[in-house]
Structure formats: C-alpha cells, structure tokens
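Mind assembling these two chains? They're in different frames, but the hints should get you there.
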Amino acid sequence: MEVVLQVLLNGLILGSVYALIALGYTMVYGVLRLINFAHGDVLMLGAFAGYFVGNAVAEVMPFPLLVTLIASMAICAAIGVLIERLAYKPVRSAPSLTSLITAMGVSLFLEYTTALVLGPTPRGFPQDKLLPDSTLIHAAGFPDVHSRDLVVMATALVLLGVLYYIVAHTRMGKAMRAVSFDKDASRLMGINVDRVISFTFAVGAALAAGGGVLYALKYGRVEPYMGIYPGLKAFIAAVLGGIGSIPGAMLGGLLIGFTEAGASYFFSTYRDAVVFSVLVLVLLVRPAGILGRGMVEKV
Amino acid sequence: MRRLAICLLLTLCCLALGCTRPPDGDTTGGGATGGTTTGGTTGGTTGGQTSKGDPNAKDEYAEKAVDGDNLKIGVYLSITGASATFGEGSRAGMEIAVDEVNKKGGVLGKKLKLIVEDDEGKPDKAAAAGQKLITQDNVLVVLGEVISSNSLAVAPICQKNEVPMISPSSTNVKVTQVGDMIFRVCFLDDFQGQVMARYAADNLKAKTAALMIEKSSDYSVGLADSFQKTFEAKGGKIVATESFTNADTDFSSVLTKIKGSNPDVIFLPSYYNSVGLIAKQAREQGITVPFLGGDGWESPKLIELGGKALDGCAFSTHFNVNETEGKVADFVKAYKAKTGNLPDGLSALGYDDVLLMADAINRAGKLNRFAIRDAIASTKDFQGVTGTITINAQRNPDKPATIMQIKDGKLEFVTQMAPE
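First to last, the sequence lines map onto chains V and B. Everything in the first sequence is counted per my numbering, starting at 1 for the first residue and increasing by one. Everything in the second sequence is counted per my numbering, starting at 300 for the first residue and increasing by one.
Hints were generated in silico from the structure; no laboratory data involved. Fair warning: there could be bad hints in the mix.
With beta-carbon atoms standing in for the labels, derived distance ranges [stated by the list, open to error]: (1) B:Q435 with V:D194: 47 to 53 angstroms; (2) B:K635 with V:E2: 48 to 54 angstroms; (3) B:S560 with V:E59: 36 to 42 angstroms.
Straight-line alpha carbon distances no greater than 27 angstroms define the calculated BS3-like cross-link-like pairs of lysine-lysine that follow [what the hints assert, rightly or not]: (4) B:K556 with B:K607; (5) B:K679 with B:K665; (6) B:K679 with B:K412; (7) B:K706 with V:K129; (8) B:K514 with B:K424; (9) V:K129 with B:K709; (10) B:K665 with B:K431; (11) B:K600 with V:K129; (12) B:K626 with B:K403; (13) B:K665 with B:K410; (14) B:K371 with B:K409; (15) V:K129 with B:K607.
Glycine included, every Cβ here is placed at the ideal spot set by N, Cα and C.
Here chain B stands alone, though its shape is the one from the complex (with noise of 0.2 angstroms):
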C-alpha cells in the first residue's frame, strides 16, 4: 500500500506538472537561413528581443517560402479540444481572407496557401506545431493563436527564428513583448478589464464585484488585474477574489464564498467552456447578479453549455455581429455561405490578420522577412472588420471594444468603447 501511495503521489504530481508547465520556448534546430540572430534586448516599452536582419539583403528563408505558384504561411490553432471552436472559427475567417486575396490576384503575384496546424488548445503542441512550421513547412509568416498561453509558447521560437508571427486574437500583454517580429490585430487583456470595469461601474451602477480567476491561465489572470485597477480606481470594491483551474467541475463551494460576499457582479475571465459550467452552479445556488467576461466568452457553444443561465451576462468581443452594413455585413454573408454559421470574434480576427497581413506582405513588395516586419509595423488606419487598426510602437493595434450582452439566448450589442 505504501508503495501504491509513492506511485499515487508520483502520478499527481506529473498531473499537475503537466497543467502548468510553463511554454518550453527553447527549442533546438532553427532551419532559418539569413539574417543573423542577436540575443540582446532592448529596453522601454517595446521590449523582448530585436532581430538584426537587413529588410534589403537577400532573404533565402522568405525565398524558399515559394512553392511552385503559392506563398506558404503557417497557422497554428487549436482546431481540436476543448476551446475546438475557437480555432474552428478563426480558421474559417483566414480562408475566407486567403480566398478574398487569392481571388483579388494574391501577393506579389502568388497566391496565399495556409499550412494548418492543430495544438489541440495545448502550449507544448503549440510550440511543437510552431517549430514544425518553420523547420519542415518553411513558411513565410506564422499565424495563431488565439489562447494568450500557446501564443507564449510559439512566440520565442519564431523570434529565434525571426519569421514575424501575427496572432489574430491572443489578447495577453505578454505576446507582443516577446520581441520585435511578434504582431497582433486585437486588442490587449488590460484594455479589456479596463472596459468590464467601466462597464460594471457606469452602466450597471455596481459598487462591488467578485473575481473568480482561472488560475492557470495567463489570459484570465491578466483581464482580472486590469478589471479590479480600473474598478477600485472608480469607487467599487472587490469583495471576494476566488480561482480554479480549468479541469475543475465542481465549484459549488467557490461559489458559496462569492455568495456570502454578495457582490453586485461578478467577473469572471474564462473560457467558454467553463463559464457554462460556473454560471449553472451559480444560479443552482441561488445567486442572481450577472456575470461579466471578455472575449473568451466568445463561442457559438457558449448558450449551448451556460443556457438560461447566461440572461444578463455581459462580456467585451472584437465586432458586432449584427452589424447590417458594409464590410462586417459582408464578412458575415461570406462566412454564413461558408460554413452555414454566424461568425464570432474570434472568426472576424482570423479574417482581419490574414488581410492585414496580404497588405503588409504587398507592401513590402518583396519576399524578405524583415522588409515585412517593418511593413507591418507600420500599418496605419487599416479598415478591417474589427475596427480600424493601427499598429503602435509596442506591436499592438489601437482600437475599441464592443460589448455584447445575453438575452433569452442571443446576443445583443449593448456599446462600443474606445480607449480611454
């Protein structure tokens, strides 16, 4: 039995190992050629890592992402698992983008072609997907993730690399500091706690709140953060901060703290698929008050899992949906045709990142990894159907939120708020 009981504890401990390792950025056997790699950093707020390649050189890397009359680029997603749908939904924006530009005549004469990798929502397949879409598929640009966690896990290796990668929809502050080839086209977690918290304080008059963390995730410990600065800083109170993680599925004793500390709202940054889960043992308990998110709330599965019990939840996302004109009109008449759904967040940013990126690559107007970097970092007033972006000195896009609210099962655009 003791024996049983050493093997037990063993097992536990590589469990537990297993849910938090930290992203394994470190891997061995760069295939990039050109360009040399520098490990120095530079300080300020750009931060991370600089690459030293010449925008004008010759790029054989870039060159050798050519097959035959295609432009390789890489997506890693997590097209299985248990966040499946985000990766589903981003998928289909960027081929709807890669069809629109191919289309339109492609870049610099060659048709995009996306290399899809799955990570099933997981940080190591992330950074093995990663590395594999470098050394073996040589492909010009990375695109992914959505998961802050597995975009952390990518983001060394193709710095190391120095292939520029641009996540459509990795909201953790992080991301983008890694170094200076790593992109984004949404928005940060900071700016979305920020929002919540006006939110919860000017619309819906709350004076306190609750946190419930999910502890193992970067995403909803950093939204969380930026929620109580933005909320104390205007008057409210946090009166319970609870966490789990995400292999939890009973939070009934979690919740009878937050219930005896009665707040007005409570936050809770997660991922759809536990926020059903939570939100259901809520309301068995008797608690009532909305509950508040981001954007990870975002999924079609999101009524399916929660029901009833999401009426009056809140939570920040990238578009309006309902939206009947112009280009967001179009995007989600392409993407009904496409896949016979309506289009979420996360589906509008895959969309925006492979146009942004088809505009840097065109402007750049050769196949060096360097001259697109900077093309990239000098997109300004991009119209995309999120907003319109300009990316800042800290590789991020400035641009607004909008906040959609649950009623009797769809979602409803409640604002739009912009930076403050």
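Chain V on its own, in the form it takes in the complex (with noise of 0.2 angstroms):
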C-alpha cells in the first residue's frame, strides 16, 4: 500500500510540473493555432534564469525562492514577447507549417546559442541556498517524502490556479478566450489582438520559466538541452487534454505524470514507450484528447 502512495505522489509532483508547462503549449495554441516547440527551450533559459538570479539573492535577501520565481518569470515572459515579436509575427499569416518551422527554429537556436555562450556542461542549482531547511518527512502509514518536492508541487498548482484566475476572471483572459474562438471577430469587437498575443505569450513564457525554475530546484541540474524532455512530455500532455482547452493541459499533465511515474516502477526500461502509448492509446479514441473540442477542418 506505501508502495502505491509513493507511486501515486511521484506521479503527483511529476504531473504538476509538466500541467504548468504543458499550459504555455495550449494558451498559445488556443490563440494562434501554433505549437510554440521552443516552449521547452524557454522553460531551459528560465532555469538559467534561476540559476544566475538565485545565486545572487540566495543569503542576501529574504524568501530567496519567491524573488528567484518571479525574477525569472518576468525576465521569461518579456523574452517570450521578444520572440513572438521577432519570430512569429512576420510569419502569421503565413500556412501553418510555416510557423511550426519557425518555432523549431527559434528552438534549436535557443539551445544552441545558450550552449555556446554559457557552455554545455551541466551546473549544479543552488537547491540548498534557495530552500535551505528542506528535509525528509517521515510519517507513519505514509510514504517518506521530501520538503523540497512538497514545496514544487505547492508552487506548481498555485501558479496553477493563478492562470486559472487570470483567463476566467479578468478582462485581459476574456479577450484572450475571444481571440481563440475567433481572431478577426475580436479584432472587428475592438480587441487589440497584438496585445493579446502577445499577453498571451508573456503569460506562457513566464509558466516555463515557473517550470524551469521548479524543475532545477528539483532535480538540481541546469544545461542548455534540459528543456527538450520537459517540453515534449508537457506538449504530449496539452494533446493528450486536448491542445487549447486549459483544463485540459492541466489533466493531461497529472496523467502523464502517474503513467510515468507508474510505468517506471513496473518496467523502467520503456517507460517513455508506456507513456508514449498511452498517447496514441487516448488519441485512437478521441482524436480531439480527453476535453478536447472536435474541429471541423476546413478544405
């Protein structure tokens, strides 16, 4: 039974990082129609982002963690914008295979131009300046568990229920949700839709960040290619939700998270086959992902 609870909580504090990342994947998905592949690659630069910020603060200021999240984030969401504004913008109107290409692009330059300036060897995050009372919990009947994972899980679904708020509650998610049903109508309502893309994308850089920056802290490694698993498991994860629906990335995430989590404990060798196949498995049989809305394609 402990065995299971263990499983069961791997899979829970996986699954909250990749929901936070796989969010970025949907939002922008939802108002463009684009799949942003250098997503993952801005989740590596917020990582790097923490890195530098929390070695500088960690020991000077107070809640080291909290101004290292959120310097990150907000250094993430204007290099999300820049992006946007320099990568994508020219090719919007452009098919739409113009833009994937682009956005892989965009990511292997990001990763490659990260490699070259700051190197490719792995740095160690200062995990331990950054929290540094965390501890292994122990208590019975229940699995051991550490600190530091609570703490990422807590922060993962806070972040969580923040984007929730933002595109349910205020005017900004509103436009953003008009966007998404329906560009040139909005445009035709009086919504700048620049703004909310680019909104949009500032929100989605600064959730990788929050991941990158959770995802370091947890396994205690920054590199230049870190962002390439996180970032295709969240994307599989917004697909397997269904890619646009928010709801969706996040449950696409937590199931991603226990099918990993599961399928290493059982056969550690294909765990990325498991999870892989239980992507097709899911697609198969809702081809628009668990709370996907069908689309009619247009010819």
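What follows is the structure in structure tokens.
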C-alpha cells in the first residue's frame, strides 16, 4: 500500500510540473493555432535565469525562492514577447507549416546559443541555498516525502490557480478567450489582437520559466538541453488533454505524470514507450484529446 | 488531430532511434594507402579483424603523417556536451605528455602534434571525427575516446584504414575486439565490475545489492554484468535490477522500487551526470545505503551535482590523486600548474596514452603503421602514472584498479585491487 501511495505521490509531483509547462503550449495554440516548439527551451532559459538570480539573491534577500521565481518569470515573459515579435509575427499570416518550422528554428537557436554562451556542461542548481531547511518528512503509514518536492508541487498548483483566475475572471482573460474563438471577429469587436497575443506569449513564457525553476529545483541541475524532454512530455500532456483547452492541459499533465511514475515502477526500461502508447491510444479513441473540442477541418 | 498524432509518433520514433542507433562503422572513402586490407577474421581470444600490412615495407600513408617538423597524431574526445569533463581532462593529460615528449626530443626526431576533434560525446559525431582524422588529416595514430560507445564507433574505421588506435579510457571489452589495430591503456569493464563486487562483499560485507543500469550505454551494461557474476559467486544476492536512459531526469519511481527491495548496496555503473541526480533523489526518498560505481563517476563535477548525497559512496578508478611521491606526484603537479585543477583518472590515462604511444613509435624506429602496431603490442612493464602496463594478447593492459571513497565532498583512497 505504501508503495502505491509513493508511486502516486511521485506521479503527482512530476505531473504538476508537466501541467504547468503544458499550459503554455495550450494557451499559445488556443490563440494562434501554433505549436510553440520553443516552449521547452524557454523553460531552460527560465531555469538558467533562476540559476543566476538564485545564486545572487540567496543569503542576501529574504524568501530567495520567491524572488528567484518572480525574477525568472519576468525575464522569460519579456523573452517570450520578444520571440513572438521577432520570429512568429512576421509569419503569422503564412501557412501554419511555416510557423511550425519557425518554432523549431527558434528552439534550436535558443539551445545552441545558450550552449555557446554559457557552455554545454551541466551546472548544479543552488537547491540548498534557495530552500535551506528542506528535509525528509517521515509520517506513519505514509511514504517518505522530501519537503522540497512538496514546495515544488505547491508552487506549481498555485501558479495553475493564478493562471486559471487570469483566464476566467479578468478582462484580458476574456479577450484571450475571444481571440481563440475567432481572431477576426474579436478585432471587429475592438479587441487589440496583437496585444492579446503578446500577453499570451508573456504568460506562457512566464509559466515555462516557473516550470523551469521548479524543475531545476527538484533535480538540482541546469544545462542547455534540459528543456527538450520536459517540453516534449508537456506537449504530449497538452495534446492528451485536448490542445487548446486549459483544464485539459492540467488533466493531461497530471495523467502523464502518473503514467510515467507507474510505468517506471513496473518496467523502467520502457517508461517513455508506455507514456507514448497511452497518448496514441487516447488519440485513437478521442482524436481531439480528452477535453478537446472536435474541430471541422476546412479544406 | 489524427494527423498531429501521426507526426508526433514519427518524431518520437526518430528521437528513440537517434539515442540508440548502433555505431556506424561502415563508412566509405578510406584515404589510407599502402598495406592491403583483408576482411578476414581470426578466431580465438584476440578476435576481430587482422590487417596484413607489412611492417618492413614502405608505408606511404605513415610518411604523409609528417608535417614539416611535426608528426600528426589524431585525437577525438568529448570536448563539449554532457560528458565534457571527460574530454577536457583527457586532453589536458595528453597535452602535458606531448610537451614532455617534445622537450625530450620528440619521437623519431619529430615533434608530436595533436589534432583534436570534438565529438560532443555522441557516437555519430565520433565516427565523423575519426573519418576526418584519417582521410583529411592523415594522422599516424588515433587516440580516443573515454566513452566506450564512441570508441566502438571509431574503432572499425581505424581498423578498416589500418591506422593504430589507442583508447585512453574506454573500458568496454568489445573495443579492442574490433581488430588488431585497436589497443587501450585502461583496464576493462568486467575487471571494474569484479573489483567493485569484491569491495561490496568483502569490505562492506554486503549480502544484497541492487543494480541500476543505463541501458543505452555499453559501458554500464558491461559493468553491471560482471558485478552480478562476481557478487553472486561470493554468495551475494541481486535483489533488484532496474534500468534507465541517459535522457531521464526523474528516477523517483525506479528508486521507490529499489527501496522496496531493501538492498545493502546499490551498484550504479553510470556517468557522473546521472549519478549526481540519482544519488540526490535516492536520499530524498530516504534511501541511505551507499552507491557504488566505476570510473564513469570520476569527474570534478561529480561532487557539484551530487553534493552530500554521495557521502560514503565509492567507485573504482585508475590512479590515486592523493599520492605524494614519484611519477604520480610529478604529474599531479604539472596538471595543477597547467589547469589549476587536480587531475582525475581520465587525465592520467590520457597522459599515459600519449607516453605509451611515443614509447612504441620510438621502439618501432620507423614510420610504418604495422611496425608501430607490433611495437604497441609488445609493450612490457611500461611505467605509467596509472600503474605498470603490459599489453596482453587481447591488446588490453594487465594492471590494478584503485578504489576511492567520497567523504565530506573529497575523494579518499581506500585500497588497490589487482586482478585475481
């Protein structure tokens, strides 16, 4: 029983981070119908921003983790807007394949520029400086859990809540939903579509940065290619939940987390194969994802 | 959406293949001349292909390796990438040896000149680097790699072009089995696995062990194999065998399973990059038993990535950096002066690699690849910083292993174990 709980807990921690990253994919897809393949690399930039800010503020400021998180999210929000302006906006009216390839180009650009500037060697993330008193928590009848993991999970859940509030209860959120329904009609209704898109990228990148800091905090390592796998898994989570749907991304993230934790417990060698098979099975039954809307493809 | 799913699936397949693609040894366009290539294989323990070049004939390829006053030696290493410290360390060791050899007059009256190619730690890049060194740079001898999968990608290219290759620190048994041009100066995986099993059973008195194997690495699988054999022969029991890939970062559920099997030690024959991650996550789940590993742990980055989680863990390596006298101490001093850091086992092997090669070329006495091959093969009681090296019939050295333990973020010498 304890083992089952432990595996579920592992899945929940992992899944909450995936959910956070998946949201960025889903939001950008919602408003632009663009799969932002550079999302995982923004995560990596966020983790590096966290690495530098964390090392600078630890032991100097109170709540170093909070400061690091906010700074990293702000930096990446700016980077996200910049990427949208420079790379995606010029090809926005081109066929969707063009923007997809642009996204891959941005992804490679970010990875290799970082490798060039900061070096490809992994660096240790200042886990202990940011969370000095983290320790193993023992509780009878419950699996051992590290307090750092609980912080990671709680932070991810809080960020998910904040995002949900923004989208569901603010004017900007309403505008985002309107743009995702129909860009042209929104423009006719007086919504500044460019601003909404920029905002979406800012929020998406900030979430990726948050995910990056949490990911680095959990695993204690940053390197230029660290965004590839979590980015890929989160993308799968978004597709699984129904890309474009925000609750879908959250659900998909958690589901991928649980599947991966379970799969690596039972057959560690094939963990990724199991995760991807689940994706294929779900898409065979529900092509639009679990919570996705069916769309008629215009020919 | 269906279309998206198919695209996705294809992408993933490509990724999966990219990680596990076998080394591509069958490259075209060999530029080596002189000496005839035969595809024949010999049986027995030496194994692999044999070259039939004549040690006494004129060797045009070898003569072209002279560039003015220099003699070109090819090196391929992971200078960047996830295993960058391997390449950097080995290269620094090699350069110190080259300086030493050149100061003493070089070999055959020429100065050694290293042409270094970066393979980023990837087998496909290594194969390209090996091909370039031979066909474009026309090097006399090829030195490299640390990572066995990369050496296995290049060895067939060297064998096919009949250029001697001496790997400084690839410990997988298959490397020198490729053919009679391929040598190494380090001990083998099965020996490392054996030594660590003896350490676990005899020194730590462990009765049970868990294995964590990096499935995509020949090195890791080889060590785990021989560990298991020796450990079981000593009456120990393997209670769990789990595997992972080098792309994994989350090991929580694998560790949950290992924790459930309650082992006395965990044998983790992997590279430092994953070792740090795994040890940390194990401690976070309340696993307190020591991890044991091989020379893949050896890196200045190990402690940075693993921190306190590695206290009490031990690994086998090639030399004792804390030695205070003789050749080893001199090398440590030269290395510190050059790089500002302490050398690791890999830099020591890089150093021995060049010195052994220089010694062999001098003994061969002429620019002929086959004479040089024969000279390397007949190396006996060569005094290196990693021990006394005698090349045996399998083109591997017979030498002891050193076991180091991590205590308070520092390496401490535990013991030295000779082959049994």
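Ascending list of hint numbers which this structure does not respect: none
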